[in-house]
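Peer 1: Residue strings, one per chain:
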Amino acid sequence: MRKAKKPVPFDGSGRSNRPGRVAQRKYLEKQGLPPGTLVHVGHRRLERVRVFVTEYDDRHLEEKEVTGIPELNAFRQSRKACWFDVRGLHDPEIVGTIGQRFGVHPLVLEDVMNATQRPKFEESGESLFLVMKILHYDPEAAEVTSEHMSLILGSNYVLTFRETEGDEFDRVRERLRSAHGRLRTSGTDYLAYCLIDSVVDNYFVILEQLAEKIELVEDDVVSNPTTATLRTIHTLKKDIVSLRRSLWPLREAINRLSSGAVPQVNDATIPYLRDVYDHTIHVSEAMETYRDIVSGMLDIYLSGVSNRLNEIMKVLTIIATIFIPLTFVAGWYGMNFKSMPEYDWRWGYIWVISLALGVTATMLLFFRRRHWI
Amino acid sequence: MRKAKKPVPFDGSGRSNRPGRVAQRKYLEKQGLPPGTLVHVGHRRLERVRVFVTEYDDRHLEEKEVTGIPELNAFRQSRKACWFDVRGLHDPEIVGTIGQRFGVHPLVLEDVMNATQRPKFEESGESLFLVMKILHYDPEAAEVTSEHMSLILGSNYVLTFRETEGDEFDRVRERLRSAHGRLRTSGTDYLAYCLIDSVVDNYFVILEQLAEKIELVEDDVVSNPTTATLRTIHTLKKDIVSLRRSLWPLREAINRLSSGAVPQVNDATIPYLRDVYDHTIHVSEAMETYRDIVSGMLDIYLSGVSNRLNEIMKVLTIIATIFIPLTFVAGWYGMNFKSMPEYDWRWGYIWVISLALGVTATMLLFFRRRHWI
Amino acid sequence: MRKAKKPVPFDGSGRSNRPGRVAQRKYLEKQGLPPGTLVHVGHRRLERVRVFVTEYDDRHLEEKEVTGIPELNAFRQSRKACWFDVRGLHDPEIVGTIGQRFGVHPLVLEDVMNATQRPKFEESGESLFLVMKILHYDPEAAEVTSEHMSLILGSNYVLTFRETEGDEFDRVRERLRSAHGRLRTSGTDYLAYCLIDSVVDNYFVILEQLAEKIELVEDDVVSNPTTATLRTIHTLKKDIVSLRRSLWPLREAINRLSSGAVPQVNDATIPYLRDVYDHTIHVSEAMETYRDIVSGMLDIYLSGVSNRLNEIMKVLTIIATIFIPLTFVAGWYGMNFKSMPEYDWRWGYIWVISLALGVTATMLLFFRRRHWI
Amino acid sequence: MRKAKKPVPFDGSGRSNRPGRVAQRKYLEKQGLPPGTLVHVGHRRLERVRVFVTEYDDRHLEEKEVTGIPELNAFRQSRKACWFDVRGLHDPEIVGTIGQRFGVHPLVLEDVMNATQRPKFEESGESLFLVMKILHYDPEAAEVTSEHMSLILGSNYVLTFRETEGDEFDRVRERLRSAHGRLRTSGTDYLAYCLIDSVVDNYFVILEQLAEKIELVEDDVVSNPTTATLRTIHTLKKDIVSLRRSLWPLREAINRLSSGAVPQVNDATIPYLRDVYDHTIHVSEAMETYRDIVSGMLDIYLSGVSNRLNEIMKVLTIIATIFIPLTFVAGWYGMNFKSMPEYDWRWGYIWVISLALGVTATMLLFFRRRHWI
Amino acid sequence: MRKAKKPVPFDGSGRSNRPGRVAQRKYLEKQGLPPGTLVHVGHRRLERVRVFVTEYDDRHLEEKEVTGIPELNAFRQSRKACWFDVRGLHDPEIVGTIGQRFGVHPLVLEDVMNATQRPKFEESGESLFLVMKILHYDPEAAEVTSEHMSLILGSNYVLTFRETEGDEFDRVRERLRSAHGRLRTSGTDYLAYCLIDSVVDNYFVILEQLAEKIELVEDDVVSNPTTATLRTIHTLKKDIVSLRRSLWPLREAINRLSSGAVPQVNDATIPYLRDVYDHTIHVSEAMETYRDIVSGMLDIYLSGVSNRLNEIMKVLTIIATIFIPLTFVAGWYGMNFKSMPEYDWRWGYIWVISLALGVTATMLLFFRRRHWI
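Chains as they are written, first to last, in my numbering: chain Z, 1 to 373; chain S, 1001 to 1373; chain D, 2001 to 2373; chain E, 3001 to 3373; chain V, 4001 to 4373.
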């Protein structure tokens, strides 16, 4: 179930490729405020913020939607593992309340609410903080849109903050509900891994969608290159450039998370995180390949334009160089000199026809010798 | 309140993109002088140097403008935290006097007065020395102008040196005046952080202004590319190249400042400085994106120029290849051979009209088959 | 003996250069499944999976084809060295059973079945895991196709998993059969080395085939550059780019394998692995050279296109600039003014012939002076 | 006072950009000689070698020109600090004698006499060896010329070797003569610093001169781009490329010299050397900026050439497409068919005039609609 | 004395730039053979292998040519230093016998016989193994050809293996013969240094020859750029690219050899090896400069082609735009309307002449205003 109103084109920072107005005003607002002041930077994409809580241990699981600040405050502190899934970032009060309950550093909360924050990984006190981007692809506009997502992993809780109500985590939720499986018995670090994996898995879908678009444009470039093709190529290029830029910090973040130097992550979970790391490498390498392919397409496009110019010039040259001498011949015998003997020849007309045919034949021969026709 | 007279175009060194005359003469003057000799390198942008002093602890705050060297010398040495804000760099005496009072190394003072100094961070004895650039954007000329700014952080004082009387630090000053808030209770390292943060926050405004300019030019490139567009693209490119170059040392400087290896910075302040570091990374990555976008615009521009040439040639070729054969036909029947039978045909004129229409139709068919019309 | 049905074009991930459909659907299937679930990602290239087992020590050798899961389960666990050669990856049951018997981590098995997995090296528990690509070259399409291959090296066993029944390992098998030679007396790490060496040796064949293709295209580019040439150049470029990308992780993998830090590899085998490492460097450097050559060819192609345009324009210009003035002369004397004295001159026709010859001579002289003819 | 006869164009190795003959013969001569054999590689730029000695302590200073080998050998070995300034490198005997007296390694002396040696820093026994380039700019030829300079710093002596008698060190000499100032009281490492600083300071002058040249060419490129402009751009590019290449090793050399790991350099001198290091970074970054500007100029140049072609084609097309139809009309009514009714119309001439005007108007309208006129 | 039959064009691997046939077959032969099997990969360039032995200590020196395997086997094992100089690589028996006598690892011998092996340095047991390339330049074809050379340095012996009987080592041999000099008294590491130095010194000759060729082509590009020029530029580019690629591993190899971490090299020899290292850096930096120059030449070439097109178009446009209106005027007054009043004017002819002159003058004025003539 997805209700995103205006998907935001992707440039690695949640803002449009055409760098936009909204974020600017936000930044201007924010300027000079004391650090740690919670201000939402980005587009508001949901009408109201919804908070889903899942509490579980290996035997019990309870799911609940929390509907207001008071209810949030009253939320009991159990010993069970607990996952807060916050959808919508624009309410500083909700983010602040949750942050306070779990002792999250104000600067971390600032990053949670800042949709322009790039992917990063931070150890902040006893919890881990990871910023990622959920990607969506709009095939019409050939634009990749990005959604800000933060994950905070503590001793026995996971907090996720998203901009919309996408279905990225639905399968994880289902696996959590089914009593058997590792998810219920492993710690919250394994839950965090599953959530991260869902987001990264989705990148492969984007990869394939981009690939299909590239294939379409590749055909266009060869068969019918127009200025629109050129613009699509550039849109693709910008998409890829932005994606690459956002993948690099993510790779680094997951690399550090899976390095084994982080006490919140159990040794058993590390191979799984290495696997996610491997996937991010795979995606960013595919990105490199796509970039090369798109650059190659640009070359083919430009070369196609040159070729067409050549072809046009060839046609012009053939027509002109055949008819210009002929016209001269005709003009010559249109002169009004009384003394021109040809006019009185018996075979005068035959002569001029032969002359014309001769000129034409010579020219055609010349073109053939040059492989122009 | 800003009184800068001639903003200096930005190239990472306070000098114009068109590398200028003034700085050269200054350098020639300086050549061969003993090191540590204070000479102002750069444009003088204020008529007279003004020095504002703010003394504060958690209960008291005193603000005062110091108006002369004697008064400066007489300035009492209290135990309170103290911020000297020097506006205008061209007076070696004032800079020298302040430097002496706080035991600043002569080479550091040389850098303070050298507007062409690139951003850097230095531990110098018991104090920290940071060089930054305050940026301004002139949308008319599409030029980013830069202002030299130095910050010296000692045990209980902060010195700032700026070229103009900009309003960059006004909000920090206001927060300082309000008795509550961290600023009054934390050490001078937190004040230094706030000042650095103000400068870096301002970079986001520059980012947005550049983004808007890029957007405008992007429209121009597609709809009406002129040589002026090309020049604007190149100005943008130069701006971005210079900004990138100046951001790299700043990133490194703030990274080292926030690394935790500097005793003058308290552990509590480090997360805030990491946050500023994060912002500089964000800005420099946006810069990379802008550079790619601007490069793409150059490609579109050049390709647009090629396309227009193609279009022109197409029109010429169509007109010429239709009329050249027709003109030949007309010329042919303008020949004066007496023996030309067509002249005497009854339907001679009809024949030639048909011939002309036939030639035209053939040509049009040929063009249509090639998708030229 | 090779039975591959549809070789898959190479892009470092087993998928087509034109990023394809099949892999996408696979990914979508896989999304959200628990990690370690065995799903074949890639094209099925053999009808049924075949498993060949070779058990040997320095005196005995036994070869056997295992034909079903039950037989596989019943396979005796001897103290001898043992090589499982699995051909075909699409059967999760077989891969799973073998994996279980040798205690392979589920994530490793996932990578074994994922033909899009890039080359990598991993220490996983007591065994080593290496992913490589077997390359084939299709000269017709100028396309390099890639086959996924995994090798697991344990204390006294080697597992290889391949997509097809290629003949890559036949010579190793023969050397294994001959009682003398190091292979039988050295450990399984030496067998693993021999198998890796076979795969890398094959890369040199690909190198040479690419080189021959490049040579052919190089001739084409100079003598007869067509749009087809351009497309072949781009196919070569894509091939090379993909190969380079796949060689980098392989280099790193073999480097780590031969670093001496891996207990499963004996010191005596390390020089041999360094030798293989050397070969991968050689191949990837040749790749760099090829890339430069192909880029150079693109330049020659584009420059050839420009030259041809110049040539065409030169012909047009010569013809036009000779005949346009002549046509004017002829047209001039076709005017019907009664008062034109030339018409009545005795030598009028001679005059106009001289004039025409004079104009022609002048023009030819002009062209010769400019070295156009 | 400067007597350099033929300044050598700069390519980081003292040789001409157009790689020259002299150095080659030198190299061929040198080939196969035992290492440490002193041979001058480079152009001889002074008629005879002159050696100036300055002996000083905090109270006394003595300056003297040494005129021959015997006098050099007889030179007394005092306890005072001593600076040998050798001008001219072509005399192996003088260089060898000085080298022997101060115990310099033969390979170091070889580098002293080899003008093609790139900047480097070496600890050689108890002394430090630094190779730098003194730069001069020839604005006419837009060429940067380079002069080889070596500096050897021992316990209480400094040796400098230069190719010409430039005035680079005159100010240092003057400061040395004036009794007060740090120079006389600090060690020879401070003298070495002053000499290095003089050379690097001079780079800023080159910077400014290059900048001015760039500015001039930039104007040319926009207003009147000729092939000469193109060649100047390429000369600038080569200059900058060479300068960059020579600055990199210098940066590294001074970085190592100022790192604090060198016992010959006192801690008090290190901040000054860091300052020089900072300057070399500044210069090499300005170089990067210049390179980008020059590359941009090349783009503008090429785009200007394209634009002019477009403009030419537009004029041709407008003239041709207006007059080709008109000429056809005129040709049409020059036909000699007896049956053409228009000839007999009363308003025939008016008709054809209207037709001509109509065609012209249509064409002009078409051009206006396309924004060509 | 040099007898090389077919020099092999250089691509860092002893093979032709046009990747060739011979090496391929060799590789196919080699495939699947046990590692350490000696097979000659490369062109056979000498008819028979010759082995020269030089035994020496500080007082005695004995030179001898060994003519067969038996003699080789019988060679006495003395305590003196000993240099085996093997010329010709195609005989596995000779290489194998020598290898066995000195205890060289089979993989090292494989590299000795593999002319496509890239430069490398290896510590192999008690001996050092260095692969280098001896370069030759063929000015006619503008091609750099390369010769495979290996050097093995043991406790008191040096083995060199070369493909031809070049004169590279003749001067070293002469210095060895002369009783005085360091060579006889220093260890074999100094002899190895001298041999390496000879090879690297020769690179400077190649440098100069390339430089001269570049100079010639540079003149061509400006004065008379043809397609042949373009091809020469590309040959140069390929040469330089290959040389660079081969210099990088050599630099690294010599760097490691001279690092001081190798027990076979005495401390006294290290400064000499550092000097060689310095030379390789010099050569590879010159290579960078050449590459930039050659790239610049390509730009000039392409721009020259564009300029010529512009020039051609300008001529065409001037001629056409002058004569097309004139031809129209002439055509106009060739119309046969009876009612045309001009025909009857007294000054009709004068009028049309004036008209023609007027049109011409207008056009010329227009061109002059645009600076076309």
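Just to be clear, a hint being listed does not mean it is correct.
Subject to a maximum C-alpha distance of 30 angstroms in a straight line, what follows is the list of computed DSS-like cross-link-like pairs (lysine-lysine) [to be verified]: (1) Lys1314(S) with Lys314(Z); (2) Lys80(Z) with Lys120(Z); (3) Lys2338(D) with Lys338(Z); (4) Lys80(Z) with Lys64(Z); (5) Lys3338(E) with Lys2314(D); (6) Lys2080(D) with Lys2064(D); (7) Lys2338(D) with Lys3338(E); (8) Lys1314(S) with Lys4314(V); (9) Lys1338(S) with Lys1314(S); (10) Lys338(Z) with Lys1338(S); (11) Lys4080(V) with Lys2120(D); (12) Lys338(Z) with Lys4338(V); (13) Lys2120(D) with Lys2080(D); (14) Lys3314(E) with Lys314(Z); (15) Lys3080(E) with Lys3064(E); (16) Lys2120(D) with Lys1338(S); (17) Lys4338(V) with Lys3338(E); (18) Lys3120(E) with Lys3080(E); (19) Lys314(Z) with Lys2314(D); (20) Lys4064(V) with Lys4080(V); (21) Lys1120(S) with Lys1080(S); (22) Lys314(Z) with Lys4120(V); (23) Lys4314(V) with Lys2314(D); (24) Lys338(Z) with Lys3338(E); (25) Lys1338(S) with Lys3064(E); (26) Lys4064(V) with Lys2338(D); (27) Lys120(Z) with Lys2120(D).
Stretches of chain V that chain E covers, calculated by requiring three or more beta carbons in the stretch to come under 8 angstroms of a beta carbon on chain E [to be verified]: (28) 4121 to 4133; (29) 4291 to 4301.
What the hints contain is simulated information worked out from the structure, not anything from laboratory work. Remember, predicted model here, so these are calculated numbers, not experimental data. We treat Cβ as the ideally placed atom computed from N, Cα and C, and that holds for glycine.
Peer 1: Under the criterion that the straight-line Cα-Cα distance not exceed 30 angstroms, is the pair Lys1314(S), Lys314(Z) satisfied?
Peer 2: holds, 11 angstroms
Peer 1: Please verify whether Lys2120(D) and Lys1338(S) have alpha carbons no more than 30 angstroms apart.
Peer 2: Violated. Lys2120(D) to Lys1338(S) sits at ~91 angstroms, over the 30 angstroms cutoff.
Peer 1: Keeping to a limit of 30 angstroms between CA atoms, is the pair of Lys1120(S) and Lys1080(S) held or broken?
Peer 2: holds, 28 angstroms
Peer 1: Within a Cα-Cα threshold of 30 angstroms, do Lys4064(V) and Lys4080(V) meet the stated pairing?
Peer 2: holds, 14 angstroms
Peer 1: Can you confirm whether the C-alpha distance between Lys3314(E) and Lys314(Z) stays at or below 30 angstroms?
Peer 2: Distance ~18 angstroms between Lys3314(E) and Lys314(Z) Cα, so the pair holds.
Peer 1: What's the verdict on Lys314(Z) and Lys4120(V), does the C-alpha distance respect the 30 angstroms limit or exceed it?
Peer 2: Violated, at about 55 angstroms.
Peer 1: Lys338(Z) and Lys1338(S) were given as a pair; does the straight-line alpha-carbon distance stay at or below 30 angstroms?
Peer 2: Cα-Cα ~12 angstroms, so holds.
Peer 1: Given the hinted pair Lys2338(D) and Lys338(Z), is their Cα-Cα distance within 30 angstroms?
Peer 2: Given pair Lys2338(D), Lys338(Z) holds - Cα atoms ~12 angstroms apart, limit 30 angstroms.
Peer 1: Run the distance test for Lys314(Z) versus Lys2314(D): straight-line Cα separation, threshold 30 angstroms.
Peer 2: holds, 11 angstroms
Peer 1: Is the hinted pair Lys3120(E) and Lys3080(E) satisfied, with a Cα-Cα distance of at most 30 angstroms?
Peer 2: Given that 30 angstroms is the threshold and the Cα spacing comes to 28 angstroms, the pair holds.
Peer 1: Please verify whether Lys1314(S) and Lys4314(V) have alpha carbons no more than 30 angstroms apart.
Peer 2: Judged against 30 angstroms, a Cα distance of about 18 angstroms means the pair holds.
Peer 1: Can the restraint linking Lys4064(V) and Lys2338(D) be considered satisfied, given a maximum Cα separation of 30 angstroms?
Peer 2: Not satisfied, since the Cα-Cα distance of roughly 107 angstroms exceeds 30 angstroms.
Violated hints for the displayed structure, listed by number in ascending order: 5, 9, 11, 16, 22, 25, 26, 28.
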